[in-house]
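These protein sequence lines are chains A and B, in that order.
Quick note: the first sequence uses the numbering used here, first residue 167, plus one each step.
Quick note: the second sequence uses the numbering used here, first residue -6, plus one each step.
Calculated directly from the structure, the hints in this document are not laboratory data.
Not one of these hints is a red herring.
Derived contacts from chain B toward chain A, CB cut-off under 7 Å, selection only:
| no. | residue |
| --- | --- |
| 1 | Ala15 |
| 2 | Phe22 |
| 3 | Ser81 |
| 4 | Asp141 |
| 5 | Asp310 |
Being a predicted model, the structure only gives us computed values, none of them experimental.
For every residue, glycine included, the Cβ atom is placed at its ideal position computed from N, Cα and C.
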Amino acid sequence: MSSDQARKEPGMDMMTTPSPAIGEEINGPGRAYFDNVVTDNIVDALIELAAEVWTTRDRLMVLESVLAERGIDAASLVEAHVPTPEQAAARKAMREAFVAQVFASFSRRTQ
Amino acid sequence: MATSTLSPRGSIGVLPRPSGLADESYTDFVETFRDMALIKMFPIMCDTGHAALSQAGIEPTHEVPLDTAKAHFNSVPLIQTWQRFMRSAQEMMWRRTRASFAHDEAAHEARLKAFESQGPGRLVYDPDFHVPDYARREIHLQPGGYTDDPLGGIVYHYGTKIFYQGMNDQDELHAEVADFSAVPADGKVANVLDIACGVGQGTVQLKRRFPGAEVWGLDVGLPVIRYAHMRSVELGSDVNYIQALAEETGFDDGQFDMVVSYIFFHEVPVEVMKAALKEVHRVLRPGGTFSIFEFPNHGATPLPPAIRFMIDYDSRDNCEPYSPGFVYADFRRLIAEAGFEVADGKQPSNAFLQSIVATKPA
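Only chain A is shown next, with the shape it has when bound in the complex (with noise of 0.2 Å):
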């Protein structure tokens, strides 16, 4: 077997569909379910939102298993912690990131 070696079309009727962009199944328009497609925006948004809600969590449980291990009281730090102008910034992009994700089906499937 060698790499250069000739092949010939498959020449079956079926392989003439065309194929389609990369990613066109996920983000494309999708399916809609429900009767109204505002239900089908809202469960994608609450499956987000938990998605989102359990991968905290779970950093959260990470973290504090890793200072704990080094012996540092993260909850009592976290409490009085105050953010620099440059830090609120930074928090307040990652923001409106996690918001354009959560909403993303309503701007998705408008009708």
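Dock chain B against chain A, hints included.
Just chain B now, kept in the frame of chain A:
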């Protein structure tokens, strides 16, 4: 075994980790959510749909036309919700998995390229290879499918970890397929072919079982076999991969003692399925075996409305465009028509699958 180059956060055994803890936590959530929808809600969906038919005065038998079943099922809020959950979970799985491994896409491509010339084992492909349109589907909603996304190999590997809900993290199901594949009656196994090998999880396991054999993995998708080769090199497994079609492998007549396929036939059109069966018959030597592990195939067996509804959903909304054609075909008859003797194979622990051994008469 070293798998440290597959992901910047290392590996979970032979499985790459996502590039960030947040990605891993998110996809863990999707895996658990999917289990709720797919495993725990599914029987409730079936019962509710059948109850809706009964309330409309329709007995939920196999004789109910699919369109009738769909009309009633789709009016039930729980079934609308079930479909929303299934679709959303699948979209979230691929979206986050791909984003995670795309985080360092250039470095991943550089690793794939560097491994192309390394052994053990060879990677064979023709840069001008033409992928037929039928294969360029985003099967299971995976972006780019098996063929069009350079990251497709690692994305498929981790995405299917979620799909298998942790049952195949260390290739356990593929190991079983390799162990349950049928050996020819004369016991001679010098050449083995794994068709539609994907990322080579089964190919590596076949080499483990038959260390003295020359083992080839074949797939239409270059992204998946490039990843398969890199992974096999890192695992130290001396297997070869080639980009080719199952219906036109390019191998010699009678070259193989054993051919194996795992969940392949339901992902191609029926005409390709027939052509692939003939091609496997050609490349097997007399007495050689073809072990097939595949979706259930019902042929003319009656199916309740809820199961037909689920198959229809999966085809339409999980991008399985060819599965209904396979499920309702008389698969065993088609295998026999290709020249094989057909028998039951050893049943894997995944009871959903059927196991068939097709033997080329000696």
